[in-house]
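Q: For the first sequence, position 9 matches number 9 in full-length UniProt numbering, and the numbering has no gaps at all.
One should not assume that every hint holds.
Stated by the list, open to error - Restraint-style ranges between C-beta atoms, simulated for each label pair: (1) Pro251 / Ala162: 45 to 51 Å; (2) Arg225 / Val275: 30 to 36 Å; (3) Gly209 / Asp174: 17 to 23 Å; (4) Ala65 / Gly278: 18 to 24 Å; (5) Ala262 / Thr161: 42 to 48 Å; (6) Lys47 / Glu104: 28 to 34 Å; (7) Val260 / Ala162: 41 to 47 Å; (8) Pro23 / Leu113: 34 to 40 Å; (9) Asp200 / Thr44: 47 to 53 Å; (10) Arg48 / Ser18: 17 to 23 Å; (11) Ala211 / Pro23: 20 to 26 Å; (12) Gly278 / Asp108: 38 to 44 Å; (13) Val202 / Ala255: 53 to 59 Å.
If you're looking for bench data, these hints aren't it; they were derived computationally from the structure.
A quick note: this is a predicted structure, and the numbers were derived from the prediction, not measured.
Glycine included, C-beta positions come from ideal geometry on N, C-alpha and C.
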Amino acid sequence: MDTVAALHRPVLAWYSASARSLPWRAGDASAWAVMVSEFMLQQTPVKRVLPVYEEWLRRWPTPEALAKEPAGEAVRAWGRLGYPRRALRLHAAATAITEQHAGEVPRDHAQLLALPGVGEYTAAAVASFAFRQRHAVLDTNVRRVFARAVTGQEYPANATTAAERRTAATLLPDDPETAATWAVAVMELGALVCTARTPDCVRCPIAGGCAWRQAGSPPWEGPARRGQSYEGTDRQVRGKLLAVLRDAPGPVTQAQLDAVWADGVQRARALDGLVTDGLVEPVAAGVYRLPG
DNA sequence: GAGTCGTGGGA
DNA sequence: TTCCCAAGACT
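Using the sequences provided together with the hints, build the complete structure.
A: Dropping the structure here:
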């Protein structure tokens, strides 16, 4: 289909001219560096990732370096990025890479997918960005660009569909190197131009062929996207509890934890969840620490 | 498949 | 100010 190939040139040209200079995109960025960035970028804005990423790569330049440290150090160094289980999983992935892959991030997509914390998106992203392989990379940005440009809807559905995978596969350039650049280019287009709230169609290289624009930019009529209530949830309590652990040099007491949330029932439930997840370790009666 | 899991900044 | 949501994974 010429209509397919016709999308490639303008998007690739736009990316060449407009891409952000990000450390994990530098020519000397290792596969490990790419993997660290992908874990951190899951549901987290680039701006907040940057300083933590730099610190992590300086401190742990290889999977082996991270694997040598207690998981709690990874959790502490995660700082306030959010979803701290990612730190635990990244540490576990580093351990698996060290023990099962001779310290080298695997190039094989299936082996990547088998690592802790690596799902469909991250496996494709690492294989594509770090190893320049041909994979469809479907993140929230890409899904939104395709929903608009191809399907003519303002937003994609909540969960990735088979139709989206077909679309992504169809649009993927044949040449692996070109496919890898295409993947990051579409993602960048979604992040900078085809944004969720107020797309900047004036600067969009494919606005002329965008199905959503051609349809008059109709508003989203699908099911309401689920909101993320936060205030008063267990997640908020977990965050407060873990912040106490992160900010303390060593083990903390029950009293220190009790001080951050009034509801004892909810507080106990949240703490129990953190212990179950392996983010917190009981050391003695009423004493807790980050995992050793 | 729907719920859970943090955090903070921009519109 | 309030609300939306930002390169998902896992159960």
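Q: State for each hint whether it applies.
A: Comparing the hints with the structure gives:
Checking the proposed 45 to 51 Å range against Pro251 and Ala162 shows it holds: the Cβ atoms sit about 49 Å from each other. The supplied range of 30 to 36 Å is met by Arg225 and Val275, whose beta-carbon atoms lie about 32 Å from each other. For the pair Gly209 and Asp174, the beta carbons lie near 20 Å from each other, so the given range of 17 to 23 Å is met. As the Cβ distance of Ala65 to Gly278 is approximately 21 Å, the hint placing it in 18 to 24 Å holds.
For the pair Ala262 and Thr161, the beta carbons lie near 43 Å from each other, so the given range of 42 to 48 Å is met. At about 30 Å, the CB distance of Lys47 to Glu104 agrees with the hint of 28 to 34 Å. Range check, Val260 to Ala162: about 44 Å between beta-carbon atoms, so the 41 to 47 Å window is met. At roughly 25 Å, the beta carbons of Pro23 and Leu113 sit outside the given window of 34 to 40 Å.
At about 22 Å, the CB distance of Asp200 to Thr44 disagrees with the hint of 47 to 53 Å. Distance hint check: the CB atoms of Arg48 and Ser18 are about 22 Å apart, consistent with the given range 17 to 23 Å. For the hinted restraint 20 to 26 Å between Ala211 and Pro23, the CB-CB distance of approximately 35 Å leaves it violated. Distance hint check: the CB atoms of Gly278 and Asp108 are about 27 Å apart, inconsistent with the given range 38 to 44 Å.
At about 57 Å, the beta-carbon gap between Val202 and Ala255 stays in the expected band of 53 to 59 Å.
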